[in-house]
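Engineer: Here are the chains, one letter per residue:
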Amino acid sequence: NAGVTQTPKFRVLKTGQSMTLLCAQDMNHEYMYWYRQDPGMGLRLIHYSVGEGTTAKGEVPDGYNVSRLKKQNFLLGLESAAPSQTSVYFCASRQSTRRGTDTQYFGPGTRLTVL
Amino acid sequence: AQRVTQPEKLLSVFKGAPVELKCNYSYSGSPELFWYVQYSRQRLQLLLRHISRESIKGFTADLNKGETSFHLKKPFAQEEDSAMYYCALRGPQGGSEKLVFGKGTKLTVNP
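Chains as they are written, first to last, in the working numbering: chain X, 1 to 115; chain S, 1 to 111.
None of these hints come from the bench; they were simulated from the model. It cannot be assumed that every hint is accurate.
[Said to hold, decoys possible] Once the Cα atoms are required to be at most 30 angstroms apart in a straight line, the calculated DSS-like pairs of lysine-lysine come out as:
1. S:K73 x X:K9
2. X:K57 x S:K9
3. X:K9 x X:K57
4. S:K73 x S:K15
5. S:K103 x X:K14
[Stated by the list, open to error] A short, non-exhaustive set of chain X residues, derived as facing chain S with CB atoms under 10 angstroms:
6. Y35
7. Q37
8. R44
9. E59
10. G63
11. Y64
12. Y105
13. F106
[Stated by the list, open to error] A few chain X positions that, by computed beta-carbon distances, are all more than 12 angstroms from chain S:
14. G3
15. G53
16. G77
Beta carbons: idealized from backbone N, C-alpha and C, even for Gly.
The whole structure should be built from the sequences, with the hints applied where relevant.
Structural biologist: Written out as structure tokens, the structure reads:
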């Protein structure tokens, strides 16, 4: 049981390049989330999904797209990377919103630098 | 709007001293509050939640609805407590699917 995994762990992009970050969870969780973590800004929600085939915008969705084609995977895409997207990206998943099963489990993070 | 405020970006104490990490929230209703911790080079993990009224690693947190606070406390800090701490809120407003995080407090426990 690997929990929540993220690939890649590190990436350096040039402005304008595109890339996809992959999040995978093997806990059969319904809910998945993408956050970015920046110094002094804490964790900000980019997009999230409440189930396979669904996505919704979070606090800072601009410049990102997501897809949840399979329940276990949640992809975060950057179509045209900008230096402002330099950050550490965390994926998280949660079984449900019911108390007792609503703990969010986080991945190890992806450190992205856009030059 | 839901908001979580952690007024201290940095907090430094000596080993054995008491520590309190402050968290204030704004929410109209009955919130659920959590503390998450991120140790160096590790992923974020749940430390405790107010509903459980538990003590984890010597830490406790009491929800004070009158002061809209959920401060994290430990009577005797240890060096291994050095980490980034995030207070988070969840409520029906805006959908219970989401957690709202504070900006975090970096705790350093000096020997």
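Engineer: Does K57 of chain X lie within 30 angstroms of K9 of chain X when you go C-alpha to C-alpha?
Structural biologist: holds (24 angstroms)
Engineer: Does the claim that G3 of chain X lies outside the interface with chain S hold up, using a Cβ gap greater than 12 angstroms?
Structural biologist: The assertion about G3 of chain X is violated, with a minimum of 9 angstroms to chain S.
Engineer: Given the hinted pair K57 of chain X and K9 of chain S, is their Cα-Cα distance within 30 angstroms?
Structural biologist: holds (27 angstroms)
Engineer: Beyond 12 angstroms on every Cβ pair: is that true for G77 of chain X relative to chain S?
Structural biologist: At about 21 angstroms from chain S, G77 of chain X clears the 12 angstroms cut-off, so the statement holds.
Engineer: Does the structure keep K73 of chain S and K9 of chain X at a Cα separation of 30 angstroms or less?
Structural biologist: Distance of about 33 angstroms is beyond 30 angstroms: violated.
Engineer: Mind checking the CB of Y64 of chain X against every CB in chain S and telling me if the closest is under 10 angstroms?
Structural biologist: violated (16 angstroms)
Engineer: Is it true that the CA of K103 of chain S sits at most 30 angstroms from the CA of K14 of chain X?
Structural biologist: holds (28 angstroms)
Engineer: Tell me if Q37 of chain X is really an interface residue toward chain S, meaning its C-beta lies closer than 10 angstroms to one of theirs.
Structural biologist: holds (9 angstroms)
Engineer: Hint Y105 of chain X vs chain S: min CB-CB distance below 10 angstroms?
Structural biologist: Y105 of chain X check passes; min Cβ-Cβ to chain S is 8 angstroms, inside 10 angstroms.
Engineer: With a cut-off of 10 angstroms, does the beta carbon of G63 of chain X approach a beta carbon of chain S closely enough for the hint to hold?
Structural biologist: Violated. Min distance 20 angstroms.
Engineer: Report holds or violated for the interface hint on F106 of chain X, using the least CB-CB distance to chain S and a cut-off of 10 angstroms.
Structural biologist: Hint holds; F106 of chain X Cβ to chain S Cβ min 4 angstroms, cut 10 angstroms.
Engineer: Return the status of the interface hint for Y35 of chain X: holds when the least beta-carbon distance to chain S is below 10 angstroms, violated otherwise.
Structural biologist: With Cβ-Cβ at 8 angstroms, under 10 angstroms, it holds.
Hint violations for this structure: numbers 1, 10, 11 and 14, all remaining hints satisfied.
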